[in-house]
Amino acid sequence: MSMKTLFDKVWDSHVVSSVENGPQILYIDKHLIHEVTSPQAFNELEDRGIPVFRPNQIVATADHNTPTLNQDQPIKDDLSRQQLEQLSKNCKKNDITLYELGHKYNGIVHVMAPELGVTQPGLTMVCGDSHTSTHGAFGAIAFGIGTSQVAQVFASQCLLLTKPKSLRVTVNGKLKNGVLPKDVILYIISKLGTNSGTGYFCEYAGNVFEDMSMEGRMTVCNMSIEMGARGGMIAPDETTFKYVKDRKFAPQGEDFNKKVAYWKTLPTDEGATFDKEYTFAAEDIEPMVTYGTNPGMGIKISETIPVDENPSFKKSLTYMDFEAGESLINKPINFVFIGSCTNSRIEDFRVAAKYIKGKQKADNVTAWLVPGSKQVEAQIIEEGLKTILEDAGFELRQPGCSACLAMNDDKIPQGEYCVSTSNRNFEGRQGQGSRTILASPLVAAATAVEGKIIDITKYLN
Amino acid sequence: MEKFITIQSRAIPLSIENVDTDQIIPARFLKATDRKGFGDNVFRDWRFKKDGTVNEEFVLNDSKYSGHILVAGDNFGCGSSREHAAWALTDYGFKVVISSFFADIFKGNALNNGLLPVQVSADFLSELLSLVENNPETELEVNLEKQIISVKYSELSEDFEIDAYKKTCMINGYDDIDYLVNNKELIEAFEANKIY
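Listed in order, the protein sequences are those of chains A and B.
Position 27, counted from 1, in the first sequence is what our numbering calls 27; the numbers after and before it change by one each time, with no gaps.
Position 159, counted from 1, in the second sequence is what our numbering calls 1159; the numbers after and before it change by one each time, with no gaps.
So that you can see chain B by itself, here it is in the shape it has in the complex:
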């Protein structure tokens, strides 16, 4: 996994609540057997019309906006457990998703793929959304070490929470498999003494 320390980037505002993983990557694109290329179909049915033409109204198609940070409405990533959603977002180029609330499975999947979910207060999110919508040049900085998200050249910032273990993993590019495989003796001992 790629190491994550600090990101400074413009952001793309997606002010829709309850964005589910079926929107992030529709089921018909889940037929691949590797992890590559899902970015082509991220938000497929919002980015493109049924006839395959580009939906100019969708924010990802608006050339005003760019960057590696997605700022999204409340309860982002709900629904299906498909990790393809995290793969699609990272493959498209996102490194951070900011929202006021994330669904559990999506959050775990994101962290396992070096995509940082940054949970902020509802007020901060709404301020951020309107700032980015109105000033697409707005630069954000996400500092994982200090756990701060801030708007460059302004006073606006907020601390965010992250599990200490996951933070270490993100910063060092570790994943859980290494940790678990290194604990095989403990696991075997547990199996030998199961109480149920």
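Extracted from the complex, chain A is given alone in its bound form:
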């Protein structure tokens, strides 16, 4: 029998049939939806008179448009409110479970679904959101889809797809003090560029990922799309099983044990081959920051911005108002965002609170600390982190996508820099004319305290 990768095993077990000389029909186990990319798909089905095929395999949440203050009050923005009302209406009509704004399970789709145990190894999962790659942290095939595909999954619980090629990124060794999973993925993307993964599904292997918590693995897989890969995966292991066990939608009792036995067969066989492989040493990774307008434009915090004559590169630096060759250390920063589906889990707030404890937020800094879900919010309070943060002059907001894409009121003003734990530093991503510097929750916390970017590595040593 030929040797198979984790990706092959999950993919092959979900192929319903193949179109001659064409794509395959791939079965989708779990479909996550939110208010922004689903309404047109519901409309399409209704127009064509097609019912939702498997409503019990769909989970809905409101996250992209939601305010992060006063969630108990009606949403002021008419369009946002209508979009949420539309979601509620569509879910009710089609018998779809919705965790709407204010519900104890509400949150960013890629934070709440794993928390509820919807995300499990060996599954295929989709959502009309490119950061669906997050769920690959459990050894699931998870990827973002467009709204036409959302309609296809509604109609048939399947998609027509051509099997992507396989890519493996291996990182072995010991990470330095202060280097977080976010730094690992920013480092990888800075080395490989934003389109090296296009057409591929990526597996992350090596002891660095094995040693990570599920939260860390989710941060890594989340950003797979930023190097173009439709998804990223990490082999399920004891850390995964322990995380999934006893969650609301996880298999229970004997069922769980049976699943674990199956999940243990999923990791890539020794000797299986990949279409492309990259290997990095953990020791070379340092806390990272981005300086440009795509996530591949990243440097170690102690490095200087590279010199490049490419017009698109120069356009990017002009937008950021940075010079080639300069360092970002000591750059004054007025905005800090800790949140998004990349870094809004409990571990991220623990890291931030640990650094912040006993210090004070800099006066020039407006900091938005936005938990990924109601459950994370509750845990922040339970662990006493909220008190630590408030004592230091920070305010904890309510869950949602928030300033990651600035669909709600959380917008960074024109021309301002924001050190952000989110995933995209595209022009205007955090508000028209905003300038995003991507970083880990630790670098973000340090920036908020200092009011400028500091060399966190030196500080920790």
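Because the hints were derived from the structure by calculation, they are not lab data.
There could be a bad hint or two in this list.
Using C-beta positions, here's what the derived DEER-type ranges look like [said to hold, decoys possible]: (1) A:162 with B:1141: 25 to 33 angstroms; (2) B:1051 with A:162: 54 to 62 angstroms; (3) B:1157 with A:74: 54 to 62 angstroms.
As the structure is a prediction and not an experimental result, all values here were calculated from the model.
By construction, the Cβ of each residue, glycine as well, lies at the ideal position given by its N, Cα and C atoms.
Assemble the complex: chain A is given as a structure, and chain B must be docked to it using the hints.
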């Protein structure tokens, strides 16, 4: 979906690399619940200045250029999965986007909306960009049946690849839903015999 066979048109040159879907349609315009009208805001923050006035320097505002074909730099459509990007481009009037590389999700979304992504070599793209930039009257022809992109009244042309199934869909105006719904029995049989 509208049928696509051959397009003959002038083109608009957008020689910027890594054009992400946030540029094609910024997130603040994603609050609609239907598919219409996104063309008004395509490349919004490049077409207009912050104060709402027209940015004369942006190529879409340059009256020299017109047409249903967008010629764009490498890695077009990266980032967010928002299909609104494809809707915005088609609503604005584009039927073809030419680049040396497309992001996966955007490419799929484009094909699902009758917008043809034509991937050409880096050399051909750079030749095409400078040709169109310098001669806005340049006419291009995109022949999906033969999978050829050519510059009219010249020898310049290149073959392009497209998935055979998707090509049939584009030419006949089919979409995937029809195909999937017609295979419901197979899907139900799969569900009954799942091995995982």
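Do the hints match the structure? See the list:
| no. | hint | in the structure |
| --- | --- | --- |
| 1 | A:162 with B:1141: 25 to 33 angstroms | 27 angstroms, holds |
| 2 | B:1051 with A:162: 54 to 62 angstroms | 45 angstroms, violated |
| 3 | B:1157 with A:74: 54 to 62 angstroms | 58 angstroms, holds |
The structure shown violates just one earlier hint, number 2.
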